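Undergrad: Sequence:
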Amino acid sequence: MNFAVFSEYLERIEGTTKRLEITAMLGEMFNALAPDEIDKVCYLLLGKIYPDFVGIELGIADALIQRALSIASGLKIEIVSEVLKNEGDIGTCAENVIRQKKQTALFSEPLTIERVYGNLCKIAESTGSGSQDYKLKLIAEMFHDAQPLEARYIARILAGSLRLGIAESTILDALAIVFLKDMEKNVARELLEDKYNLCSDIGLIAKSVKAQGMKGIENIGLKIGVPIRAMLASRAASMEELFDRMGKFAGEYKYDGLRIQAHISNSDIKLYSRRLENLTEQFPDVIRNLRSAFRGREGIFEGECVPIDPDTDEMLPFQEVSKRRGRKYGIEETMKQIPVCLFLFDCLYLDGREYLKNSYLERRKALETAFVETEHVKFSHMKIIEDMAECEQFFNEAISAGCEGIMAKNTGPEGVYKPGKRGFLWLKYKREYKSELADTLDLVVLGAFAGKGRRAGTYGALLTGVYNPEKDTYETICKLGTGFDDATLSQMPQKFATLTVKSRPKNVISKMEPDFWFVPMVVVEVQGAELTISPVHTCGYGIMKEGAGIAVRFPRFTGRWRDDKAPTDATTTGEIIEMYKKQLKRIEERDLPE
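Count along the sequence shown from 1, add 7, and you get the number used in my numbering.
No lab work stands behind these hints: they were computed from the structure. No experiment lies behind these values; they were computed from the predicted model shown. Do not take every clue at face value.
Claimed, not checked - Across the chosen pairs, the derived CB separations fall in these ranges:
id : residue 1 : residue 2 : range
1  : Tyr336    : Arg106    : 21 to 29 Å
2  : Lys335    : Ala41     : 22 to 30 Å
3  : Lys255    : Ile406    : 33 to 41 Å
4  : Glu585    : Gly419    : 20 to 28 Å
5  : Arg106    : Ala68     : 20 to 28 Å
6  : Gly62     : Asp492    : 30 to 38 Å
7  : Lys255    : Thr376    : 32 to 40 Å
8  : Gln501    : Met190    : 43 to 51 Å
9  : Gly419    : Met519    : 20 to 28 Å
10 : Asn38     : Glu197    : 35 to 43 Å
11 : Thr341    : Val543    : 25 to 33 Å
12 : Val543    : Leu239    : 24 to 32 Å
13 : Arg298    : Ile540    : 52 to 60 Å
14 : Glu393    : Gly359    : 30 to 38 Å
Said to hold, decoys possible - In the DMTMM-like style, the derived pairs of lysine to aspartate or glutamate whose C-alpha atoms are separated by at most 25 Å in a straight line are:
id : residue 1 : residue 2
15 : Lys435    : Glu288
16 : Lys335    : Glu582
17 : Lys230    : Glu411
18 : Lys437    : Glu411
19 : Lys83     : Glu94
20 : Lys592    : Glu399
Idealized CB from N, CA, C, for every residue including glycine.
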């Protein structure tokens, strides 16, 4: 497919906010693509060139793109910079600059998806001496041969600002409709999602189903070195709820750390975060510790990486281990300052046997045969809980040990591991607060309001929201302005600089108009007093009360940015609705006459 045709599809998609229309357009395009193009297109639609776990990104600076546009168009760099200043978007800047090209080239080749994607890969993988000149050459060549509309999307892809509002879920919808049309729609969609949760590679899913349909999808399975999307826990409002949903259960300490998935193949070990980031280079000590503790040949395991005080051996807050993420230099020194212990809690694969469909207790047994405990590799503290007294004692012990609370896991045969799913096979119960909200919320930052007075020059408050997986949208739930110290406030404009956009993103549903809109990417931990009905917020709009949504009353920043969570891992609309219903029930019970 020519890149010009692809660009026309992107322009059509950009022109609508209706998910059904976007899905139909994607389906039409997927039908027209060749099998060796569809994987590349799926990555590009998400603003990527590889799956997340590969760890290679473009992120080309606007300055380099401007230089390439100047070379390709023959316009002075000052003119290109002025166009960007006026447009405020590198994409429309590129479109206008290429439209003003001084002369039409005698020799130019039409851009194809294959050529553009190949150049993008070369650009992303180019490092070292001379790499900037090489990148400049490749980018300028693409702009030289590009039509104005093509230039718009090439520039946005290079800058990491495509932002079509398309998520993996929308792509899966379209793939199911187009290539598994003989199956019931919901069954086909669930099959694709299950396979995607296993391989974490939307391109592989698309290429397989396009080339071979159902047969291609059936061949996709668990593979060492390819992260599985993490199973998630639902929150419990009380200890009673743990027993109501499970009866007897396996209690585990809920550690305040970084969730890690370890893939071990002989001496080769790779570490991945719950966001599928490759953390291997950042935690060489964990690699060494796993190597010395492992007693099998190969396997896939999950654990919580917890920072430890080197002087007292006490567990430290999550923020300490988060300081080690993303580091390229000074790793050895940071390891000494912030040592970690890996608390293993699950076995997904061991020595040729897959354990996803085994019960929790069977997986735990396999885990305990695979490792010997060492100073820095331990099993999560676990106990079978049968009554309330045991639960209260176990919970208090967890809090005393420095943990957030406890996990409750189903011990029956139905207690399998479900990649990428959140349900009631796992429940988390955290320390109760004095407020009505017994747990913190993980909210997505959607925008910001300009600061006044002492906060002039920075943000006065953030507009935050929850994720609605049914609609693949973000819905506002509160305006967050409390809990920030001066240092955090001063750093926020820089933190959100690359995510700032001129208008509300298509996948954000909001009645409020902040001064700045952000691409939904950053997740923040928030504590609140209670949930309340609000006419200005859109979370669960119209469900609990006509013409109103649900909001957090007296929200406060806990000091914790949840860099380990993707925006789609944030608290969901459904969770908020359930929490609000439970809050109403508690109020009703409290107000009953004795």
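Undergrad: Indicate, hint by hint, whether the structure satisfies it.
TA: Each hint tested on the structure:
1. Tyr336 <-> Arg106: 21 to 29 Å: Roughly 43 Å apart at Cβ, these two residues miss the hinted range, so it is violated.
2. Lys335 <-> Ala41: 22 to 30 Å: violated, 38 Å
3. Lys255 <-> Ile406: 33 to 41 Å: violated, 22 Å
4. Glu585 <-> Gly419: 20 to 28 Å: holds, 23 Å
5. Arg106 <-> Ala68: 20 to 28 Å: For alanine 68 against arginine 106, whose Cβ atoms are near 23 Å apart, the range 20 to 28 Å holds.
6. Gly62 <-> Asp492: 30 to 38 Å: holds, 32 Å
7. Lys255 <-> Thr376: 32 to 40 Å: Distance hint for lysine 255, threonine 376 is violated at roughly 24 Å.
8. Gln501 <-> Met190: 43 to 51 Å: Because 48 Å falls inside the window, the suggested range holds.
9. Gly419 <-> Met519: 20 to 28 Å: Since glycine 419 and methionine 519 have Cβ atoms about 45 Å apart, the given range 20 to 28 Å is violated.
10. Asn38 <-> Glu197: 35 to 43 Å: violated, 22 Å
11. Thr341 <-> Val543: 25 to 33 Å: With a Cβ separation near 44 Å, threonine 341 and valine 543 fall outside 25 to 33 Å, so the hint is violated.
12. Val543 <-> Leu239: 24 to 32 Å: This hint holds: roughly 30 Å between Cβ atoms.
13. Arg298 <-> Ile540: 52 to 60 Å: holds, 54 Å
14. Glu393 <-> Gly359: 30 to 38 Å: holds, 35 Å
15. Lys435 <-> Glu288: violated, 30 Å
16. Lys335 <-> Glu582: violated, 37 Å
17. Lys230 <-> Glu411: The given pair, whose Cα atoms are some 32 Å apart, is violated under the 25 Å limit.
18. Lys437 <-> Glu411: With Cα atoms ~6 Å apart, lysine 437 and glutamate 411 stay inside 25 Å; holds.
19. Lys83 <-> Glu94: holds, 17 Å
20. Lys592 <-> Glu399: holds, 22 Å
This entry does not satisfy hints 1, 2, 3, 7, 9, 10, 11, 15, 16 and 17, going by the numbered hints stated previously.
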